[in-house]
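Residue numbers (UniProt numbering), protein chains in the order written: chain A, 1 to 378; chain B, 1 to 378; chain C, 1 to 378; chain D, 1 to 378.
Treat the hints with care, as some may be off.
One-sided and incomplete, this derived list gives chain D residues near chain B with beta-carbon spacing under 8 Å [as the list claims (entries may be wrong)]:
| no. | residue |
| --- | --- |
| 1 | SER244 |
| 2 | GLY259 |
| 3 | GLY270 |
| 4 | ASN339 |
Hints listed in this document are in silico derivations from the structure and should not be mistaken for laboratory results. None of the values given here were measured: they were computed from a predicted structure. Every residue, glycine too, gets a C-beta built ideally from N, C-alpha and C.
There are 4 protein chains.
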Amino acid sequence: MSKIRLGILGGGADSLIGILHRVAANMFDHYEITGGAFDIDFEKSKNFGEKLGLDQDRIYKDIDAMIEAESNLPKDKRIQVVSVLTPNFLHFPMAKQLLENGFHVICEKPLTTTYEEAKILKAIREKTGSIFAVTYTYTGYPMVRQMKKMIAEGVIGKIHKVDIQYYQGWINSLIHDKEKRSNTWRLDPEKSGISCCIGDIGTHAFNMAEFLTGTRIDKVLADLNYLYEDNPMDIDGTVLVRYSDNAKGVIRASQIATGEENNFCVKIYGDKGGLKWEQENPNYLYHLTEDKPLQTLKPGHAYNSDFSLEGTKLPPGHPEGIFDSMGNIYLGIANAIKNHTKFEGAYPDLEEGVRGMMFIEKTVDSHKKGNVWVNLND
Amino acid sequence: MSKIRLGILGGGADSLIGILHRVAANMFDHYEITGGAFDIDFEKSKNFGEKLGLDQDRIYKDIDAMIEAESNLPKDKRIQVVSVLTPNFLHFPMAKQLLENGFHVICEKPLTTTYEEAKILKAIREKTGSIFAVTYTYTGYPMVRQMKKMIAEGVIGKIHKVDIQYYQGWINSLIHDKEKRSNTWRLDPEKSGISCCIGDIGTHAFNMAEFLTGTRIDKVLADLNYLYEDNPMDIDGTVLVRYSDNAKGVIRASQIATGEENNFCVKIYGDKGGLKWEQENPNYLYHLTEDKPLQTLKPGHAYNSDFSLEGTKLPPGHPEGIFDSMGNIYLGIANAIKNHTKFEGAYPDLEEGVRGMMFIEKTVDSHKKGNVWVNLND
Amino acid sequence: MSKIRLGILGGGADSLIGILHRVAANMFDHYEITGGAFDIDFEKSKNFGEKLGLDQDRIYKDIDAMIEAESNLPKDKRIQVVSVLTPNFLHFPMAKQLLENGFHVICEKPLTTTYEEAKILKAIREKTGSIFAVTYTYTGYPMVRQMKKMIAEGVIGKIHKVDIQYYQGWINSLIHDKEKRSNTWRLDPEKSGISCCIGDIGTHAFNMAEFLTGTRIDKVLADLNYLYEDNPMDIDGTVLVRYSDNAKGVIRASQIATGEENNFCVKIYGDKGGLKWEQENPNYLYHLTEDKPLQTLKPGHAYNSDFSLEGTKLPPGHPEGIFDSMGNIYLGIANAIKNHTKFEGAYPDLEEGVRGMMFIEKTVDSHKKGNVWVNLND
Amino acid sequence: MSKIRLGILGGGADSLIGILHRVAANMFDHYEITGGAFDIDFEKSKNFGEKLGLDQDRIYKDIDAMIEAESNLPKDKRIQVVSVLTPNFLHFPMAKQLLENGFHVICEKPLTTTYEEAKILKAIREKTGSIFAVTYTYTGYPMVRQMKKMIAEGVIGKIHKVDIQYYQGWINSLIHDKEKRSNTWRLDPEKSGISCCIGDIGTHAFNMAEFLTGTRIDKVLADLNYLYEDNPMDIDGTVLVRYSDNAKGVIRASQIATGEENNFCVKIYGDKGGLKWEQENPNYLYHLTEDKPLQTLKPGHAYNSDFSLEGTKLPPGHPEGIFDSMGNIYLGIANAIKNHTKFEGAYPDLEEGVRGMMFIEKTVDSHKKGNVWVNLND
């Protein structure tokens, strides 16, 4: 069975979102990055595409060139799905063009800059029937998926309270300076739409609130904070949300929660119990009940749902971050092979392996001799 | 600059270690998996190689075939480095053969089954000068690297106490049953060498004890536990270690710490402070001093060393596991594209993106109208 | 210097609030419980007073009897301050009567059942100038005091965001049953005033919001939840609060956060940093900044303010709960002395002390002999 | 039923251990402090006794005077039990004298300075049959008691691994200076017996190891650290302990674990599960099993044993430290009554109570008017 042919728009150079999508695409051996336009500067794009090992003729000048060339290829060579990783205001035109030309789409959030545009995409997709994903990344965590399943199965009963927080502090460092705040694209409605804080992170909280409960929110009442008269974009806000008269909630988002990083926390309570999850420690799902000890669920255990287990790659107790740990070691080795300067300890050398074997033998030796001291290095 | 050509021995089918190495190799766009022998069953190996998108003629029957064919290729096509992911007892012969034929080697731990074999590899490598890495994976974590640097810079002063623990509980489920314990390959010295617990996880603790301090351990005194007379392999042990008369330590390892997963903890104390790190929550490094509040360091911040920052791919506050979260979403999309059955919520659909845009606009609307309720779905 | 003579109204039998106030009064050797009326049943009150070791003639039938008798005593014998621990609706008349008769007052919260009554007490106190404390207990924690001081000293700069949560789940077990909810005094406006959740715990959050910031809240916007039409009292609510246009906050309180105990959390952010504290782990104060590692302050350290240190009785690292641990041991001993049935292990017997001395000597012996096994029990 | 008459030797002035014992004695209303000798300076002792509210003639010059006078009192007036809170080397002679004169004894640890002395006390007690408690305080924590019960009931099955740590860092600040270390009484064998670290805290770990398992340790193998040649006392050590050939353990104690406060942790594993507890967060008991989520038990819940519940004074979710919080507030009030200078916020004044009532009413008002802003201060 062949891999899915994936195109990428944007995400070149050091783009973090680019790395994230490429690693994700490689993770389960389902995708092959086949082509793309990675940068508005065509030269840079070409260099980047080469670094990824792409054929020269699948590295495109822009989306138009890509669509034209790919559409002329036979169906079994053609890019099937395209990841849109460009600046926010380009999401809409690009996604639209891709849909209209028969591609599946993976689009970074926010989907568009206005609700109006979003509805247009929806209408087109209804005709084309394409796959169209918006990468609200957090819903992919194994314990978030487990939480969704437990709620669906009635583990916490009928929900009456939802509390979601997404606190960051990064904008504090520039909001208090008039010069700085007038020069930040995030605070410029032309580039970022009508909202900064709600648009960037409040929307994650909202998506989670509907994803987990499987229920639509009915109405909202918001109090936002702009902090300065001359600042046109919210940087903090509390939103009262109502699913129904008896199921209420609150979404809290901030970019001036100074010192917070990505403190995204979810708490949902029903008449049989509660569930809590925190993005910064994503491997723990807390299940509260009235009469039993607090239970902490972790990924990979048989007690989890298939939906959760499908997303766990390693046995219990390895934080998913171990991929990165191994990735860093491969990076160290690559630097060594390429004769780059390397950090001492960038990867464990043969010498460490030899000492490891010595340790094992000497340790067993100490025990067998009656728990006595044994020298290493003999 | 072209990618490094990587070969793989073993790691086929559902091998977890295989996934881990492939994801790691892809992470920084430095490697291209070029060939390999993934399974002793050649048919299975071929299917697997195809799934990875390899050329048919770079999928080999065995290591001999691979070495012969690759050696005949021009230097700029030839596999440069090989990852050895086979069962432990094959590490030695394969690594030896690879070294002797001019390949760089990445070898899973334990390096060999005896100290003697390890010393042979060391002697060969001294002649060839190849890159040879042993994947003690944990040394790749950003906060472990930061810990090493802080110790090297004297942040905790002269070290006088090292305490390392690696507790698992998995063998408890089979050790108490005579039948089961006699049929486990881990407890068979023929297949696993002379030690189970120390050989598998104690060796990680030992490696960490030397990696972090930059100092060699002088001697050991061990008390191991075999629990049953008929069990030839240790499954638990405490090892007193001595760097010098005034710098002492203890390594504790267990596979009968029932209920533990991979509870690998490191504590190092010197005359100016202490440092602590836990593998199951790898993004936190604790720095203790006598007269200041406890400090908790996290990856990606400017206060970290270059060595640590080089291994961080995302801004602070995203657990490295977010790669997996995104990976799971790409998997969901792949299943949709391939028309496989999918879990509801396996990826966020366009519909979620549309609602997100609605939420943002309605929220700002509520605020601007004076903090009043606004209906969604209009 | 003699102790302060303390009278107590209510708090008899197994009253938890009674135990709490008595232990607190004894803690620093400043008070002597001199008299009181502990129960509406005079017999029970007399027995209880005797148990406390009070003189018979200082155990009173009711507040009237107490005030009359005490007022006739010479000033240096007379009760100086009275703790009002009776049901909520009695707080107002009792506090009023005490103030009017020249006593200092310590009153449990809520102060009264209406704002009107509260203002009356305020007016009287302005004339008498008495000491009048309302026991918002949480402000007495050392780390809460440290937080107040740090904010006052500008450590987190100008405050722009306050987020306080008090979540409990206890009312979930009775709110869903029509019978039960109509028979709960907490849900009866006659007995509990106009509010259940806000009145009982929201008020703690509000007090903390003003205590810590040293600033008054200007206005509120609330969304409460009653869950059932026939329930007249709020059991959950979110309150938007505003200090000023640029300093906003949110108070969240719930009694249907199923499974929560007393999850009272405080987060305050300013332009220089943030501070966080959680009541269920009260010895940790988290200080966040933009460019330094997270700092965790603990009680008793010299880096704390005098205000905080004054309230710490033990060296760092002993949770304040160690008083209770020792208290439990004294209880075990009391039961033994009084020949009550006792739990095995209720207190450490001499035998344990003997073994402790043996352990010390044998351990040193093992070391001195060169790290060898030494038998105990010789 | 009258209170138990308690005498106290030592513990005067600012003695922390004195405060701890007095608060504990008062906690359940079982004891009345009746007399004592609090200081070797009789004047100071008298002042201190007066502060405690004792009769002048029950404040004694020394233990001899106390024993003589009390022995002459009728049995129902006489001190029944005496707490020995004097320096370590006085424990033995005082406890001996008290036993020989018919008193019950509560003795601080370590019981004596030698194992020999301890055995003498044991022999005397066997004749007198007195109550004799040694205050290994930690065994009084509710969750430690719960742990003991669960082990006794077989919840974690047959124990095969015990791991106990008591790490402090305080001696680091003086051990590295030759002058300082030679002038510390803790490091002087004349005053402190043969061991510093093992004698002071290792003994707590040992006691816990036997208390929790209900099983005696058979033998030990120790490696201690003295750090400097001229230091005669251990300040760090690891002790291998053996209950039997298949139940092994390790006790780790240190006073040079720089930056640690009272990091006393207990881990016990059996063939059905594991239990973990940490002294610095004493309200959490962790129960690990192989196939279920981690369970966290907390005090006061019905799922706990009677033995544990007997030692819990408050409903779940109030850390036991809340006694101290209330104690601090009573202290603030005392200072106000006595006209001492006071810290702002030292206790919540009537004003705070008034605002609390206003908050409740205005909040309900906002909700009832349809979630609108309502000003406070009207």
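Status of each hint after checking the structure:
no.: 1; hint: SER244; result: 11 Å, violated
no.: 2; hint: GLY259; result: 3 Å, holds
no.: 3; hint: GLY270; result: 7 Å, holds
no.: 4; hint: ASN339; result: 35 Å, violated
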